[in-house]
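Protein chains: 2
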Amino acid sequence: MVKLIAIYKKPENVEEFDKHYKEVHAPLAEKMPGLLKLEVNKIYGSPAGDSNLHLIAEMYFETKEALMNALSSPEGKAAGKDLMGFAGKVVSMHFAEVV
Amino acid sequence: MVKLIAIYKKPENVEEFDKHYKEVHAPLAEKMPGLLKLEVNKIYGSPAGDSNLHLIAEMYFETKEALMNALSSPEGKAAGKDLMGFAGKVVSMHFAEVV
Numbered sequence: 001m002v003k004l005i006a007i008y009k010k011p012e013n014v015e016e017f018d019k020h021y022k023e024v025h026a027p028l029a030e031k032m033p034g035l036l037k038l039e040v041n042k043i044y045g046s047p048a049g050d051s052n053l054h055l056i057a058e059m060y061f062e063t064k065e066a067l068m069n070a071l072s073s074p075e076g077k078a079a080g081k082d083l084m085g086f087a088g089k090v091v092s093m094h095f096a097e098v099v
Numbered sequence: 001m002v003k004l005i006a007i008y009k010k011p012e013n014v015e016e017f018d019k020h021y022k023e024v025h026a027p028l029a030e031k032m033p034g035l036l037k038l039e040v041n042k043i044y045g046s047p048a049g050d051s052n053l054h055l056i057a058e059m060y061f062e063t064k065e066a067l068m069n070a071l072s073s074p075e076g077k078a079a080g081k082d083l084m085g086f087a088g089k090v091v092s093m094h095f096a097e098v099v
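Respectively, the protein sequence lines represent chains A and B. To convert, note that position 77 of the first sequence is 77 in the UniProt record's numbering; the numbers rise steadily by one, no gaps. To convert, note that position 92 of the second sequence is 92 in the UniProt record's numbering; the numbers rise steadily by one, no gaps.
Quick caveat, the hints were computed from the structure, so don't treat them as lab data. Where hints are given, some of them may not hold.
Since the list can't tell identical chains apart, any single copy or any two copies may satisfy a pair.
[To be verified] In silico lysine to any residue, SDA-like type, Cα no more than 20 angstroms apart, as pairs: (1) K42 with A6; (2) K77 with V14; (3) K19 with P33; (4) K77 with S46; (5) K31 with V90; (6) K37 with D50; (7) K89 with E62; (8) K37 with P11; (9) K81 with V98.
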């Protein structure tokens, strides 16, 4: 099992971000071919108090190839374009293999 | 469901880090009371090529209270002390609620 992990730092306007994420971005991401599950983790703090992060979204795929195919698909490109538009300044993306 | 998420940037010595994580730290973390699951995600890249991250470890708990109890338990304190010793410079910790 592999994951595409999107780590979002706190956005300037949390309400606007959350609305766009839920109503526009998540539905686009969920259209990616081969996606098994989208799990959204909402950050609510840290052992030190506040966290600098807002969300960690995990998109599960069966294999590394399935993940790459999803990203290069029209649906993946549409999700990527939307992502850069509303969260380009706060997001980082990572590929992970579940050990 | 809530998670304690540990995000590790690439350590200076990956081999030494991996050995300590697997042989010492993960067994300590797994002793925390109330821990339902420890899932280790090994980062292998990003859409841009390399990633600055090495691991993302997710520790699952039933409730926010269970997570806080785990951290303040003797087992949680032992895991935290070990963590600061071998990964203090590369780790950040976050509390998350699965949406």
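Provide an ascending list of the numbers of those earlier hints which the structure does not satisfy. Of the numbered hints, 2, 3, 5, 6, 7, 8 and 9 do not hold.
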